[in-house]
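Chemist: Chain by chain, the residues:
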Amino acid sequence: MGTLIEEIFSRKAGKQVQAGEILLLDVDYIMSHDNTTPLAIKAFRDIGKPILDKNKIVIHFDHAYPAPNVLAAENHKKIIEFVKEQELPHLLHQGVCHQVMIEEGYITPGAIVIGADSHSNTYGAMGAFGTGLGSTEIGVAWITGKCWFKVPETIRVELSGQSQPGVYAKDVMIHIAGLLGMDGGTYRSVEFGGEYIDNLPMHERIIFPNMSTEIGAKCGLIAADDVTINYLENETPAKGKGPFERILPVNPRYERVLEVDVSTLVPQVACHPDVDNVKPLTEVQGLDVHEVYIGTCTNARYEDLEIVANMLKGKKVNPLVRVIVTPASDRIYRKALTNGLIDILMDAGCTVTGSGCGACIGRHGGILAPGERALTTMNRNFIGRMGSPLSEIYLASPATAAATALTGKITDPRELLETIS
Amino acid sequence: MGKAWTFGENMNTDEIIPGRYNITIDPLELAKNVFCEVKPEYAKTMQPGDVIVGGQNFGCGSSREHAPIAIKGSQAKCIIAPSFARIFFRNAINIGLPILECPEAVADITEGDDIDVNLATGEIFNRTNGHQYQAQALPDFVLKIADAGGIINFLKTHEIQDLLA
Chain G
1 MGTLIEEIFS
11 RKAGKQVQAG
21 EILLLDVDYI
31 MSHDNTTPLA
41 IKAFRDIGKP
51 ILDKNKIVIH
61 FDHAYPAPNV
71 LAAENHKKII
81 EFVKEQELPH
91 LLHQGVCHQV
101 MIEEGYITPG
111 AIVIGADSHS
121 NTYGAMGAFG
131 TGLGSTEIGV
141 AWITGKCWFK
151 VPETIRVELS
161 GQSQPGVYAK
171 DVMIHIAGLL
181 GMDGGTYRSV
191 EFGGEYIDNL
201 PMHERIIFPN
211 MSTEIGAKCG
221 LIAADDVTIN
231 YLENETPAKG
241 KGPFERILPV
251 NPRYERVLEV
261 DVSTLVPQVA
271 CHPDVDNVKP
281 LTEVQGLDVH
291 EVYIGTCTNA
301 RYEDLEIVAN
311 MLKGKKVNPL
321 VRVIVTPASD
331 RIYRKALTNG
341 LIDILMDAGC
351 TVTGSGCGAC
361 IGRHGGILAP
371 GERALTTMNR
381 NFIGRMGSPL
391 SEIYLASPAT
401 AAATALTGKI
411 TDPRELLETI
421 S
Chain S
422 MGKAWTFGEN
432 MNTDEIIPGR
442 YNITIDPLEL
452 AKNVFCEVKP
462 EYAKTMQPGD
472 VIVGGQNFGC
482 GSSREHAPIA
492 IKGSQAKCII
502 APSFARIFFR
512 NAINIGLPIL
522 ECPEAVADIT
532 EGDDIDVNLA
542 TGEIFNRTNG
552 HQYQAQALPD
562 FVLKIADAGG
572 IINFLKTHEI
582 QDLLA
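If you're matching them up, the sequences are chains G and S in order.
Each residue of the first sequence is one higher than the one before, starting from 1 at the first, in this note's numbering.
Each residue of the second sequence is one higher than the one before, starting from 422 at the first, in this note's numbering.
Source of the hints: derived by calculation from the structure; they are not laboratory data.
Ideal Cβ placement from N, Cα and C applies to all residues, glycine included.
It cannot be assumed that every hint is accurate.
Coverage of chain S stretches by chain G, computed from C-beta distances (three or more under 8 Å per stretch; other residues unrestricted) [claimed, not checked]:
id, stretch
1, 474 to 484
2, 508 to 522
3, 572 to 586
Each computed BS3-like pair below joins lysine-lysine, with the alpha-carbon atoms no more than 27 Å apart [as the list claims (entries may be wrong)]:
id, chain 1, residue 1, chain 2, residue 2
4, G, 78, S, 577
5, G, 78, G, 146
6, S, 565, G, 146
7, S, 577, G, 42
Here are some, though not all, of the chain G residues that point toward chain S, as calculated from beta-carbon distances under 7 Å [as the list claims (entries may be wrong)]:
id, residue
8, 46
9, 134
10, 146
11, 183
12, 218
13, 306
14, 310
For reference, chain G alone in the conformation it holds in the complex:
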């Protein structure tokens, strides 16, 4: 018996484990990207032992890809040479690592996946354990196939009610970040559940584990159910690899339970400079913005682009605002092209870029100048993240981003949504 993380770890350990225990577990996949792989290669070479299982290693080019400068190009070159030398089978450049890991079927319920990227927590949306590590541990895991974990205590976030039109999973998660604070989940597993989560489609569920990183969590988990299995079977190449396990909490003992009724929530904004500086949109509306960025592993899935396209169809964005759309993956980009969303976005005056991490890492694809303010669908608003340390980042839903793109000021999406529905 245990919380969801205790049950996932117990299954892997082959014995019942409890919070506080230290485990050495086999990992299913070891993820890294163009930014973090070079240091992992160094650790690997320093240890001087062979790779245990090449199939477990997945390397993505997404952070600074295509290379925006010579340093990034050197990283890519170094990684490609390593992949060639070690004959690694999984080198991908089809979008943001976390989205690609999920949509290409690498992440299945109960899996243990470590990544040299803090948002590896995202895999919890599939009922898997995903967590971010430093590059050294990634190099170690290439050799050992294992990783040590302390079984964490669990905070259960119980979400009830139905959100109002114009209020999305992003708004709910930003609200939770405000309630728990940026270190409210440190060392903890944050387990999201309740009728609100049960009724959410996969693309909305992903936001909760993804942003559990922003509250310091070791992992963010949603138990696998029909939604998860249907997604795996119908949307990913994992079809037929099942049967997939449905691991559930069993008589869990939670350190804390946070209950949130989403039915009265209005759109939320995480304001400069901290993710827990959360306000109802109504308190910050009217603030000028210089850039609207719709992208990242948090909110650039097909359904997000669809919301934005529906709101911008036949309209023009404010010509003085750079409105940049970066689909999370090539697969999403292609579907959006096929279904006419890209035409709508371009007609409205958006700049659509190739898939990847884009402007979120502040090295290319929409860098901010001193004194500028961006409204984005990202998960993180650290000072200087998108460029100048004198710029400001506000986080919100794709619908809020679309409404803001039209006016050039932070704008409530609900009025616009009423007119088009």
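Take the given structure of chain G and dock chain S to it, following the hints.
Modeler: Structure of chain S alone, referenced to chain G:
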């Protein structure tokens, strides 16, 4: 015995070592600029064996390892804080930088106090005011990594299973 250097809450990895210095992973090079914006005198005057006393959520921010490497390069004996950001916690352990969680010590120690730390037992003794604090002792496997000087050195002579053996 070492001198205490105190730092505030939510000390992030960019405050420990600003991103512009992360062009190297050489510990001694990084140590030259560690805490350069929040406490520039640290890198200039600290002595090997001094102790860092941080606030809660020490090391939050990026997963980059430059921050703990820079502190280790400065030859601080350990970091004492009420809590650490979790990736920093792991990175510190894996590169062989001892870290102790002890809110009582942090609340009581002032900058410049002479501090004795027994890493194996978690005992912290403040020679300046005579107070003793008990941190949670480091698990055996963490001490094994620290004794080896980090996980890389540990694995040169051991198998990963030896950690928990």
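Chemist: Given the proposed pairing of residue 78 of chain G with residue 146 of chain G, does the C-alpha separation stay at or below 27 Å?
Modeler: holds (25 Å)
Chemist: Holds or violated: is the Cβ of residue 183 of chain G closer than 7 Å to a Cβ in chain S?
Modeler: holds (4 Å)
Chemist: Close enough to count: is the Cβ of residue 46 of chain G nearer than 7 Å to one in chain S?
Modeler: Interface hint status for residue 46 of chain G: holds (5 Å vs cutoff 7 Å).
Chemist: Against the 27 Å threshold, does the CA-CA distance of residue 577 of chain S and residue 42 of chain G hold or violate the hint?
Modeler: Holds: residue 577 of chain S and residue 42 of chain G sit about 14 Å apart, inside 27 Å.
Chemist: Mind checking the CB of residue 146 of chain G against every CB in chain S and telling me if the closest is under 7 Å?
Modeler: holds (5 Å)
Chemist: For the stretch 572 to 586 of chain S, do at least 3 residues have a Cβ located nearer than 8 Å to some Cβ of chain G?
Modeler: holds (count 9)
Chemist: Given that the stretch 474 to 484 of chain S was listed as covered by chain G, double-check it with a C-beta distance under 8 Å for 3 or more residues.
Modeler: holds (count 6)
Chemist: Please check whether residue 218 of chain G passes as an interface residue: C-beta within 7 Å of a C-beta belonging to chain S.
Modeler: Residue 218 of chain G check passes; min Cβ-Cβ to chain S is 6 Å, inside 7 Å.
Chemist: Under the criterion of a CB-CB separation shorter than 7 Å, is residue 310 of chain G in contact with chain S as hinted?
Modeler: Check failed: Cβ of residue 310 of chain G comes no nearer than 36 Å to chain S, outside 7 Å.
Chemist: If you take the shortest Cβ to Cβ gap from residue 306 of chain G to chain S, is it below 7 Å?
Modeler: violated (32 Å)
Chemist: With a Cβ-Cβ cutoff of 8 Å, does the stretch 508 to 522 of chain S contain at least three residues near chain G?
Modeler: holds (count 6)
Chemist: Holds or violated: residue 134 of chain G as interface residue toward chain S, Cβ cutoff 7 Å?
Modeler: holds (4 Å)
Hint compliance for this structure: hints 13 and 14 are broken, all remaining hints hold.
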